[in-house]
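With chain A's structure known, arrange chain B on it following the hints.
Chain by chain, the residues run as shown.
Number of protein chains: 2
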Amino acid sequence: MSQNPSDTSPKPRVLIIGGGFAGLQCAMGLADAPVDITLADRHNYHLFQPLLYQVATAVLSPADIAGPIRRVLRNQQNARVVLARLTGVDLQNKLARFPRGEVAYDYLVLATGVTHSYFGHDDWAELAPGLKTVDDALEIRRRVLLAYEAAEWEADPAARQAKLTFVVVGGGPTGVELAGALKEIAAQAIPKDFRNIDTTTAQVILIEASPRLLAALPEALAERALRDLQQMGVQVRLNSMVTDICEGAVLIGDERLSAENIIWAAGVRGSEIAKTLGCELDQQGRVRVKEDLTLPEHPEVFAVGDLAHVVDQKTGQPVPGIAPAAIQMGQYVARQIRNEVTSGPAATERPAFRYRDKGGMATIGRNRAVAYIFGQRFTGFFAWLIWSLVHIIPLIDFRSKLSVIFTWILSYFSLSKSARLITGRTKMKVKTALGVIGDKEPKSEE
Amino acid sequence: MSQNPSDTSPKPRVLIIGGGFAGLQCAMGLADAPVDITLADRHNYHLFQPLLYQVATAVLSPADIAGPIRRVLRNQQNARVVLARLTGVDLQNKLARFPRGEVAYDYLVLATGVTHSYFGHDDWAELAPGLKTVDDALEIRRRVLLAYEAAEWEADPAARQAKLTFVVVGGGPTGVELAGALKEIAAQAIPKDFRNIDTTTAQVILIEASPRLLAALPEALAERALRDLQQMGVQVRLNSMVTDICEGAVLIGDERLSAENIIWAAGVRGSEIAKTLGCELDQQGRVRVKEDLTLPEHPEVFAVGDLAHVVDQKTGQPVPGIAPAAIQMGQYVARQIRNEVTSGPAATERPAFRYRDKGGMATIGRNRAVAYIFGQRFTGFFAWLIWSLVHIIPLIDFRSKLSVIFTWILSYFSLSKSARLITGRTKMKVKTALGVIGDKEPKSEE
Chain A
72 MSQNPSDTSP KPRVLIIGGG FAGLQCAMGL ADAPVDITLA DRHNYHLFQP
122 LLYQVATAVL SPADIAGPIR RVLRNQQNAR VVLARLTGVD LQNKLARFPR
172 GEVAYDYLVL ATGVTHSYFG HDDWAELAPG LKTVDDALEI RRRVLLAYEA
222 AEWEADPAAR QAKLTFVVVG GGPTGVELAG ALKEIAAQAI PKDFRNIDTT
272 TAQVILIEAS PRLLAALPEA LAERALRDLQ QMGVQVRLNS MVTDICEGAV
322 LIGDERLSAE NIIWAAGVRG SEIAKTLGCE LDQQGRVRVK EDLTLPEHPE
372 VFAVGDLAHV VDQKTGQPVP GIAPAAIQMG QYVARQIRNE VTSGPAATER
422 PAFRYRDKGG MATIGRNRAV AYIFGQRFTG FFAWLIWSLV HIIPLIDFRS
472 KLSVIFTWIL SYFSLSKSAR LITGRTKMKV KTALGVIGDK EPKSEE
Chain B
72 MSQNPSDTSP KPRVLIIGGG FAGLQCAMGL ADAPVDITLA DRHNYHLFQP
122 LLYQVATAVL SPADIAGPIR RVLRNQQNAR VVLARLTGVD LQNKLARFPR
172 GEVAYDYLVL ATGVTHSYFG HDDWAELAPG LKTVDDALEI RRRVLLAYEA
222 AEWEADPAAR QAKLTFVVVG GGPTGVELAG ALKEIAAQAI PKDFRNIDTT
272 TAQVILIEAS PRLLAALPEA LAERALRDLQ QMGVQVRLNS MVTDICEGAV
322 LIGDERLSAE NIIWAAGVRG SEIAKTLGCE LDQQGRVRVK EDLTLPEHPE
372 VFAVGDLAHV VDQKTGQPVP GIAPAAIQMG QYVARQIRNE VTSGPAATER
422 PAFRYRDKGG MATIGRNRAV AYIFGQRFTG FFAWLIWSLV HIIPLIDFRS
472 KLSVIFTWIL SYFSLSKSAR LITGRTKMKV KTALGVIGDK EPKSEE
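Protein chains in written order, with our numbering: chain A, 72 to 517; chain B, 72 to 517.
Excised from the complex, chain A in its bound form (with noise of 0.2 angstroms):
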């Protein structure tokens, strides 16, 4: 980075690797700060993940949830932004590299979040795509808008099936908002789209190892979720570990379940990041931090959002890897550096960050949701409502809330999934109709 002409500050530099929700609160949290923040991310967007799977099942397009990290800090003059991939951090020399060069840092905040883990089965990753970027987004729209396409000319009943059948690996938040939706699309949205196939008979099977949806919930609430579910036509496997998944089939034990149509919502694990640091992950990768969120013997490098892994003080247990907690570890981080360039570090200990629980929720459909809230319960229509709310607030920056408000209420009366687009190429070939779609760009004729 020497190539920044501006580079001559003798300002404290803080580096900050992810422009998610951590980082980039703790970017904003020192705008008044007299420090140089260089924030660097691989994608020259902060997504509203929340709501990633929405644009996964065509009812919002990535300019709805996500917007230019450049643009949120443009008014912030202390900061610039990097589009650039981390490669790996000399902790000894404060340097962090990047494929063309390396940067110093006096402070280092890692924000890298996590990926999808397929538990060692990386293979499975081409088969059954996970939900945590706009472009797995988009690759999964395609495969479901496309299953259906190949579903209409096929002649066979039992390779039809196959193709009409969604298997959602995972019943955490995500798992449990895409089986809801992708069940919507087929039951609602385009039965009257098609004439050789009912969408209404397609099958969307929700597959959980443990014996309950919705771990971070109370256990009435995911009671409740799967009761939705289930009403909805949505078939809930609890119990029930994948232990293959190949070409048009998932595993689970000795039982073959036929499906063209595998989303992967079951683990993730701490980005590749975390285990070129040297120091101790969990089992999920994720670096384990002390408790003011640094690597041991380093106070200077900080791990946040959900790459941290850090127990919650009052509970015993790890902090969800959830927004508001990202949010909260992002603030905490700028103020212990705030405090320390402004008083000088010998002069302020560091206190523990502390989590506030403030709740969860997760939406089932169209107008039903489950939430726990400040240790309130809520579900139903009430709950979806405050679903929206949440989720529509924060949408600042981006498209506008208006638009998506807008766009959400069309969809709401009308069921229209007006994003029901078929953009870009498929990672998997898919047989439609009279060709194949995927692998190989179609050529320019019709």
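In case anyone wonders, no lab produced these hints; they're calculated from the structure.
Incorrect hints may have been included.
What the hints assert, rightly or not - For each label pair, taking beta carbons as the anchor points, the in silico distance ranges come out as: (1) 166/B / 318/A: 25 to 35 angstroms; (2) 452/A / 302/B: 52 to 62 angstroms; (3) 146/B / 317/A: 54 to 64 angstroms; (4) 317/A / 271/B: 51 to 61 angstroms; (5) 283/A / 168/B: 27 to 37 angstroms.
Even for Gly, the Cβ is constructed at its ideal location relative to N, Cα and C.
Frame of chain A; chain B shown alone:
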């Protein structure tokens, strides 16, 4: 298509290839006719192409200007939609060939449009993408946004200026609109987002081989468009023929323009299928149809829209390749087929197709346009208002007019370019900041 269980109808089979303006209008025009319509397209969406440059320049999202063809035709019971690419036609036996089989027809309507023409230099395609599909628009958006990311960290002034130089080849409506919008991004939308570069120094160069812009509009309007573009800071090079395009430069004879961002809006040619028909094509590879838009000796095969070369009997000029002409051709063909299937072919003589020229228009930046409507000329803000109305009203069936109007009004006042997301992979290697984007997908860190 023997797979289709309901394929036993004795009604005349109308096979329409292409779901653009001409193909869709033809299908919709046959809504009450006793025919079986199959509409095949290699994409699942109908695209409102006149606004495609707004997707390329990050104002609108794809779903704002495109909608699933299935959805448009969902209530038309005599029409079915197939996602498939036509590979050939057996005119003698009335069979259309697709990768996985043949489809018999009684009437065939070819509405496959045009693709970019690089005038024999197909190697330029990688370096200078054109703008015909949603994926083209997203590719151009990626390149434009990545150019600024790369320039932000380029130390060498000459290399930085090349990264900040955008060349648009072709001075038709698409070229004029793209050049204006690119200049607006640089000068108004993003200057505050960058720290090291002054985006207002970005150069936009519009190259046109002929002595004037907008050949389809009256000369006075073309001159006004030229002045407007120049006032905005676009360099317009008339009488300039591009002789070569290589990595990082465009050549006009002996002159070399260093530019890393080149967009092709210069020429089109009929889609590949035209060559396989064995009939006469014009210089642009479009089908020279008879005055009833059919192929010689094949009164059952129509070519419509941009694919057709038909002479306007009033002016002696070819009917222009614009949306209103395509719509009129689609409607004309629907009328002919409906007449014949209800009254019998012998009973009806087809009248010649007559083009009704309603005019043309092009927008130049945020509140300037030139328009020529029913013989009247309009310029400036008023022309821009007309342009906006004409382009919003047809956006039915898509995400909804109101939502686009809303995004537009916001974008007008805030210049927010809220769809400024880099998604997918670019076909080009772009060196940005501290890494290389494109070519290979970034790994899972961050």
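Against the structure, the hints come out as follows:
no.	hint	result
1	166/B / 318/A: 25 to 35 angstroms	holds (32 angstroms)
2	452/A / 302/B: 52 to 62 angstroms	holds (55 angstroms)
3	146/B / 317/A: 54 to 64 angstroms	violated (40 angstroms)
4	317/A / 271/B: 51 to 61 angstroms	holds (55 angstroms)
5	283/A / 168/B: 27 to 37 angstroms	violated (54 angstroms)
Taken one by one, the earlier hints fail for this structure at numbers 3, 5, listed in ascending order.
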